[in-house]
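6 protein chains.
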Amino acid sequence: MENTPLLMLGLPKGSLQDSTIKLFGKAGFNISVSSRSYRPSIDDEELDGRFVRAQEVSRYVEHGYFDCGLTGQDWVRENDSDVVEVCSLVYSRASNKRSKWIIAVPAASPVQTVKDLEGKRIATEVVNITRQYLKDNGVNAEVEFSWGATEVKVPDLVDAIVDLTETGNSIRANNLRIVDTLLYTNTVLIANKAAWENPAKRKKIESIAMLLQAALEANSKVGLKLNIEKSKLNDVLADLPALRNPTINRLTDEAWVAIDTIIDEKVVREIIPELKKRGAEGIIEYPLNKVVF
Amino acid sequence: MENTPLLMLGLPKGSLQDSTIKLFGKAGFNISVSSRSYRPSIDDEELDGRFVRAQEVSRYVEHGYFDCGLTGQDWVRENDSDVVEVCSLVYSRASNKRSKWIIAVPAASPVQTVKDLEGKRIATEVVNITRQYLKDNGVNAEVEFSWGATEVKVPDLVDAIVDLTETGNSIRANNLRIVDTLLYTNTVLIANKAAWENPAKRKKIESIAMLLQAALEANSKVGLKLNIEKSKLNDVLADLPALRNPTINRLTDEAWVAIDTIIDEKVVREIIPELKKRGAEGIIEYPLNKVVF
Amino acid sequence: MENTPLLMLGLPKGSLQDSTIKLFGKAGFNISVSSRSYRPSIDDEELDGRFVRAQEVSRYVEHGYFDCGLTGQDWVRENDSDVVEVCSLVYSRASNKRSKWIIAVPAASPVQTVKDLEGKRIATEVVNITRQYLKDNGVNAEVEFSWGATEVKVPDLVDAIVDLTETGNSIRANNLRIVDTLLYTNTVLIANKAAWENPAKRKKIESIAMLLQAALEANSKVGLKLNIEKSKLNDVLADLPALRNPTINRLTDEAWVAIDTIIDEKVVREIIPELKKRGAEGIIEYPLNKVVF
Amino acid sequence: MENTPLLMLGLPKGSLQDSTIKLFGKAGFNISVSSRSYRPSIDDEELDGRFVRAQEVSRYVEHGYFDCGLTGQDWVRENDSDVVEVCSLVYSRASNKRSKWIIAVPAASPVQTVKDLEGKRIATEVVNITRQYLKDNGVNAEVEFSWGATEVKVPDLVDAIVDLTETGNSIRANNLRIVDTLLYTNTVLIANKAAWENPAKRKKIESIAMLLQAALEANSKVGLKLNIEKSKLNDVLADLPALRNPTINRLTDEAWVAIDTIIDEKVVREIIPELKKRGAEGIIEYPLNKVVF
Amino acid sequence: MENTPLLMLGLPKGSLQDSTIKLFGKAGFNISVSSRSYRPSIDDEELDGRFVRAQEVSRYVEHGYFDCGLTGQDWVRENDSDVVEVCSLVYSRASNKRSKWIIAVPAASPVQTVKDLEGKRIATEVVNITRQYLKDNGVNAEVEFSWGATEVKVPDLVDAIVDLTETGNSIRANNLRIVDTLLYTNTVLIANKAAWENPAKRKKIESIAMLLQAALEANSKVGLKLNIEKSKLNDVLADLPALRNPTINRLTDEAWVAIDTIIDEKVVREIIPELKKRGAEGIIEYPLNKVVF
Amino acid sequence: MENTPLLMLGLPKGSLQDSTIKLFGKAGFNISVSSRSYRPSIDDEELDGRFVRAQEVSRYVEHGYFDCGLTGQDWVRENDSDVVEVCSLVYSRASNKRSKWIIAVPAASPVQTVKDLEGKRIATEVVNITRQYLKDNGVNAEVEFSWGATEVKVPDLVDAIVDLTETGNSIRANNLRIVDTLLYTNTVLIANKAAWENPAKRKKIESIAMLLQAALEANSKVGLKLNIEKSKLNDVLADLPALRNPTINRLTDEAWVAIDTIIDEKVVREIIPELKKRGAEGIIEYPLNKVVF
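Chains as they are written, first to last, in full-length UniProt numbering: chain A, 1 to 293; chain B, 1 to 293; chain C, 1 to 293; chain D, 1 to 293; chain E, 1 to 293; chain F, 1 to 293.
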């Protein structure tokens with residue numbers, strides 16, 4: 001009764017679920033899920049999908065149950081999954097900060113470098129990454145799997161932890177010290193190798209990648225329009241490189257031109273006062289849904 | 001102290017209240033209500049309004065207490081109200097699905113067609129619509145008024161129900177089977193007949209109708225701008241009819257033009273990859289508040 | 001470790017806190033506060049700030065702890081603070097209603113005018129403003145400070161109250177009658193006198209003022225685009241002064257032009273029906289983030 | 001697969017639902033309902049039940065779908081149902097206040113007595129009770145069915161309302177005046193006439209009635225224990241009839257006795273100070289789950 | 001229409017409101033308030049009451065609007081109210097900790113004793129208490145009224161604060177150091193002096209005091225029953241003084257006795273294992289509502 | 001500054017956390033946790049504790065970091081921990097249902113017995129228990145660790161799952177069929193082997209066990225008192241064995257006796273009507289906090 005969809009997507013359940021649905025929505029794909037369900041409804045006949053734990057997405061992309069999926073680079077590596085990494089998707093480009101897996105010890109611990117972990121006990125959710133890291137550093141230590149809340153286990157239960165941190169707040173709140181960084185990670189779109197070789201599937205995956213990136217790009221950009229005297233135009237464009245390649249239109253008053261361009265939202269608060277000082281008029285900033293350069 | 005407003009609006013209380021306030025807001029009329037109040041404040045001196053149950057709006061429009069009002073077509077018909085139907089307002093054009101009143105029986109019931117309801121007992125919130133439907137089909141059955149939660153009354157309390165359904169979820173959840181559809185319904189703007197003959201009132205009602213429709217239209221449309229080589233312009237416009245009649249501006253680089261147009265949000269995910277493939281640059285999508293073609 | 005910021009901002013805690021954070025965000029400054037904290041984090045190295053009660057901002061701006069601050073005109077006057085009023089910031093320009101301090105009595109009270117308050121007892125949060133008002137009217141009355149919930153104190157505890165009201169709802173709900181209005185008030189940006197004489201600080205304060213006003217201005221403005229026959233252009237512009245100085249572009253169909261302009265959101269509901277009547281096509285309204293004329 | 005239960009109970013959905021489930025729980029019957037369901041699960045194999053609107057319970061008890069049910073006396077009368085009223089169950093005996101249906105008009109209305117309603121329009125949820133009341137008073141008036149929120153309909157939509165009130169708060173909040181009381185009402189346990197004649201069913205209904213009443217009784221009763229000199233015992237029992245038939249135990253100190261009894265919670269605040277004055281010691285009050293005299 | 005009640009109670013609005021209503025309920029007086037109302041309904045015809053800010057209760061008790069009231073000792077003293085303090089009511093006897101007003105400075109401040117505050121600026125909600133304290137210590141300092149959130153005002157806005165603390169958490173969270181304690185405080189029942197001289201009113205106030213204290217006492221006590229061999233009774237009572245004066249009953253088995261007594265909840269976890277070891281059987285602990293020794 | 005506590009407790013974080021805190025509270029130990037903390041505060045100087053994931057409690061009890069702990073029997077076995085099982089604690093004795101780990105397949109799967117799993121893929125959170133079970137049955141199958149939401153993985157991702165179920169609701173909701181039960185489980189109190197050999201620690205662990213069991217026992221028991229004619233006593237006790245060994249007191253009326261006993265709450269609804277029929281008077285049921293037989 002149902003058609004077979006072209007692509008099966010693996011979507012990350014849990015902390016990334018809401019932001020993933022929102023990102024797809026902005027990209028033009030409406031994903032709706034009833035609570036407790038893992039089978040979403042997607043308004044594109046070529047797509048079907050499932051929500052599974054982020055930790056498990058790459059396993060099922062590799063096995064071919066999913067044609068492509070969203071997950072963290074960290075879990076692709078922890079699972080040692082043989083998949084194609086299509087593109088990175090840093091959900092919040094404004095901060096431009098990626099999360100990282102770090103090895104941490106109590107602030108007062110004698111451990112200063114990875115070498116000092118010889119013979120110690122380490123708790124982590126990423127047992128394989130941690131074991132490889134220790135091996136690369138020629139260190140023997142006991143690595144035990146942690147079911148979560150890893151940061152509270154030192155110093156009582158273990159000597160060190162390998163945990164994920166974005167802002168470092170949790171590290172500081174538990175009075176820990178970072179010894180080393182094992183891995184930077186962000187969300188990635190990955191594809192099954194056979195699906196990537198299939199032209200129809202690959203074209204669809206690339207379209208999805210472009211639209212997701214266009215939606216992310218628009219988060220940190222705004223549109224800016226203004227009118228300025230034609231005689232001042234060249235100086236303004238030379239002095240304000242943030243304005244990039246604007247669309248320039250003639251106005252009925254031939255001495256003035258209208259500029260329409262896309263700029264980083266972060267520089268607006270510098271640019272507007274400067275433009276006003278140089279005599280710009282009718283300056284407006286407007287929001288964007290998608291940007292593709 | 002207060003002026004007499006030109007128009008008195010009847011607004012639907014309950015499940016439609018929030019979406020109605022939002023729609024009027026997008027159309028340019030800010031309606032504010034304190035909780036538990038039924039007297040909203042509207043920022044247009046020509047308008048006053050009241051929130052009443054959707055079931056009762058048409059009654060008070062007919063009697064002239066309201067000059068116009070928003071309600072469902074179903075309740076206009078159930079009340080047999082003698083009013084002018086100004087326009088339909090399908091709140092969610094994306095789905096394009098209207099609600100419908102259906103007659104349903106338990107999945108295992110022997111009833112297969114309306115004829116099989118002869119002598120049966122039927123519960124519904126729309127007694128008049130149901131009686132007329134049975135009469136039209138030459139069926140004698142007992143119709144009783146239901147205070148709500150009608151769908152749980154079969155099979156214990158009655159033999160069949162006439163109930164409203166949008167998605168059919170409630171029908172399935174209660175293990176019912178639809179026998180027939182009595183009526184499709186959506187929200188309508190209705191007017192009192194005398195008010196409609198009064199030129200000043202009619203002009204105002206028509207303005208409101210146009211603005212509500214413009215706001216609804218914008219829900220499914222977006223603005224799209226892009227730059228493309230002038231030499232490719234004709235082919236693009238010919239191959240992508242969704243771009244419709246775009247505004248085309250010359251740029252400082254004479255070999256390129258800037259396109260600005262309005263398209264269905266649903267086709268953006270097809271159009272952007274295609275435009276990119278044909279060499280378009282600086283593609284942006286921006287949101288709209290109102291659209292009037 | 002931290003640089004000394006150029007400017008210290010006084011921000012109003014309490015009912016204005018969320019809307020102030022939102023306004024600064026729209027102006028381009030992201031203020032984040034952990035709950036219960038009064039030290040916000042601001043993403044501009046030149047700025048630091050503190051949240052204090054709106055009642056106290058002007059006191060600390062005058063004393064020089066803050067270089068500038070946001071508060072109500074009422075509290076500047078109640079505190080009799082010697083500060084520079086940089087600009088008004090009416091958060092909700094749409095309603096254009098400012099709050100006011102009124103003197104109210106029970107609906108059934110014999111008090112009709114301020115003169116009838118001779119010898120009575122009055123509770124209020126603004127003792128100084130109230131005393132000055134009574135003095136200006138030659139009335140002797142006992143004014144007592146109220147910790148809040150002033151409106152429920154009459155008639156049991158006092159004879160009259162001086163209280164803040166925006167919509168009058170609370171006045172009506174407590175069955176009170178307004179005798180007189182003492183003061184209209186809205187939010188203002190104020191500066192310390194010495195800071196205002198410091199060129200670097202003054203330039204920064206003026207930038208902030210411009211961007212806050214640009215963000216507020218955008219709340220009540222929208223972008224409007226439309227196509228119209230060139231032959232009708234002059235009449236339309238002459239008859240609809242709200243369209244102001246539009247950007248006018250030629251279209252591929254030489255008989256038509258495209259208009260792009262900024263107008264008050266309040267007039268859109270008048271303008272669109274009029275434009276449609278005059279043959280305009282492709283009318284769209286789009287949202288704005290900032291507007292600087 | 002399921003046995004046919006001995007009794008089918010009609011339970012009131014809506015505002016009474018939670019307190020009904022709690023009362024049955026205290027009586028020893030655990031009723032669990034999944035949200036949105038009307039088929040509860042009851043931990044007694046002899047019982048099955050359904051939640052329906054309180055307005056409809058008596059109708060279905062009369063028809064025999066339910067053997068017994070809980071509903072308001074008002075709805076039994078509005079529906080003119082021919083059923084057995086087994087016992088009253090005043091859920092909150094502490095206040096001893098029953099709800100009442102009153103006729104109300106705007107505070108400023110000229111209507112002073114029921115006679116002044118001649119020719120007026122009245123909105124109510126209890127059309128039959130209202131019509132009978134008017135007829136009994138020889139008044140002709142138009143009675144229209146109201147879907148709810150009746151109290152906001154005067155004076156714009158109707159001249160008077162007949163509405164339910166417990167505390168009168170809503171009446172005052174809407175600035176209404178009560179003209180007359182039509183009916184006092186409380187919850188009742190009712191039985192189908194045939195079920196009542198069936199000995200097995202009647203025995204079960206009487207057990208349920210006893211346990212519900214025992215649980216309600218315990219709401220307003222507490223246990224009281226105290227020690228008192230034997231010589232004062234007779235005077236205390238004579239002067240404090242509220243102590244009723246206490247259990248009296250000898251203590252190791254032969255000059256004292258221990259008293260254990262059940263009293264109205266309402267009189268505890270009178271009794272304890274009196275007992276203390278007469279030299280009682282070790283006075284304790286303890287809570288009860290059920291009381292059967 | 002309403003009777004004049006014997007006593008008018010002043011009840012504390014705000015943070016103490018819910019616990020006060022609960023305490024009166026346990027004492028036998030049901031107080032109900034609709035949200036936003038300050039006129040409660042009390043189920044005792046001799047009582048009426050009002051909820052006002054705790055800071056203002058003693059003022060209106062002194063003036064005679066209230067006959068008695070609940071408030072903090074601190075506010076009685078801050079207001080310098082001439083009232084009778086009937087009894088203390090430490091709401092949480094388990095912790096036995098009273099709140100205190102302390103003077104605090106930043107952890108790094110040079111201020112070590114009250115003497116070091118000479119010439120400093122201090123913010124507080126209790127201006128009078130603070131001024132008296134400074135005068136008693138021969139210190140001149142500027143005391144300013146704080147509208148709240150006092151703890152965040154140092155060191156930026158003032159040099160020191162006088163603030164209320166129960167656990168010291170807020171002091172620590174703001175990195176402050178306590179210099180001195182000005183005042184310990186707990187809730188008190190206070191009476192108007194004239195009311196206290198009126199025998200009928202005084203008797204009622206004393207009854208209320210006894211019942212409130214009995215309810216508080218029961219929070220930390222439980223009932224304990226057990227059976228034990230008569231031959232072991234004396235040793236058990238000698239070794240376990242916590243059992244106090246139990247009621248001892250003979251059982252049908254003459255070799256055993258039943259004990260019923262009241263003990264501190266805190267010692268139950270020591271007593272039960274000890275009793276079990278000594279051969280006690282049928283040990284049960286039951287809850288209490290009120291205890292008067 | 002802090003004393004070393006006698007015992008360190010391991011407490012289960014997550015779904016069992018709130019009910020564990022409540023159970024300890026009823027047993028007489030108040031455990032308070034600030035949000036996000038894993039170090040609770042316990043009002044017993046001999047105790048300290050930590051909240052860790054239930055899956056990890058037995059590992060750290062075995063290693064000696066905890067002296068005793070609460071966890072599920074399933075995790076003791078999955079971790080193959082060498083600890084002492086002190087007692088079972090079925091949190092909800094009323095239902096008397098323990099949770100169980102079952103192996104389930106899609107309703108339509110050809111798998112009928114464990115033998116049919118040969119060569120299949122199975123997802124589970126209990127990899128060791130599952131591997132042992134398969135080995136015991138001579139079956140070779142691939143077992144993969146599941147991070148959660150295991151029940152939605154069949155049939156798409158794996159052939160079968162081993163998952164925990166209490167009511168079977170989730171099994172039915174996902175249209176699965178149970179093939180076999182691997183393990184019944186409930187909460188247990190476990191002790192470290194060395195701690196159990198230490199007399200002081202063992203005594204404390206046994207006290208905690210007794211008090212936790214006493215609190216659990218009281219959940220399903222109530223106190224029952226009644227008066228009955230002495231002549232009927234023997235028959236009543238013979239016919240109603242649920243009354244067990246009651247305390248029987250003589251009353252002032254020598255023909256009657258007072259009975260006080262503890263019975264299962266479940267039988268109250270049968271016993272009370274029966275007692276009433278036999279002439280019992282003054283029947284009351286009262287609640288219990290703890291019961292030790």
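Heads up, some of the hints might be wrong.
Identical chains blur together in the list; that is why a pair holds if it fits in one copy or across any two.
Result set (DSS-like, lysine-lysine): computed pairs, CA atoms no more than 27 Å apart in a straight line [what the hints assert, rightly or not]: (1) K276 to K203; (2) K266 to K203; (3) K201 to K115; (4) K201 to K135; (5) K277 to K100; (6) K201 to K100; (7) K203 to K193; (8) K193 to K277; (9) K277 to K203; (10) K276 to K201; (11) K193 to K221; (12) K203 to K120; (13) K201 to K266; (14) K221 to K277; (15) K230 to K22; (16) K276 to K22; (17) K221 to K115; (18) K221 to K276; (19) K135 to K203; (20) K266 to K276; (21) K276 to K135.
Keep in mind the hints are simulated off the structure, nothing from the lab.
Hints and how they fare:
no.	hint	in the structure
1	K276 to K203	between (45 Å within a copy, 13 Å between copies)
2	K266 to K203	between (33 Å within a copy, 18 Å between copies)
3	K201 to K115	neither (47 Å within a copy, 39 Å between copies)
4	K201 to K135	neither (38 Å within a copy, 42 Å between copies)
5	K277 to K100	neither (42 Å within a copy, 36 Å between copies)
6	K201 to K100	neither (32 Å within a copy, 35 Å between copies)
7	K203 to K193	within (14 Å within a copy, 55 Å between copies)
8	K193 to K277	between (54 Å within a copy, 24 Å between copies)
9	K277 to K203	between (48 Å within a copy, 11 Å between copies)
10	K276 to K201	between (49 Å within a copy, 18 Å between copies)
11	K193 to K221	neither (33 Å within a copy, 36 Å between copies)
12	K203 to K120	neither (49 Å within a copy, 34 Å between copies)
13	K201 to K266	between (36 Å within a copy, 20 Å between copies)
14	K221 to K277	both (23 Å within a copy, 22 Å between copies)
15	K230 to K22	neither (42 Å within a copy, 36 Å between copies)
16	K276 to K22	between (36 Å within a copy, 24 Å between copies)
17	K221 to K115	neither (45 Å within a copy, 58 Å between copies)
18	K221 to K276	both (20 Å within a copy, 19 Å between copies)
19	K135 to K203	neither (40 Å within a copy, 46 Å between copies)
20	K266 to K276	both (17 Å within a copy, 26 Å between copies)
21	K276 to K135	neither (58 Å within a copy, 46 Å between copies)
Violated hints, in rising order: 3, 4, 5, 6, 11, 12, 15, 17, 19, 21; the structure is consistent with all others.
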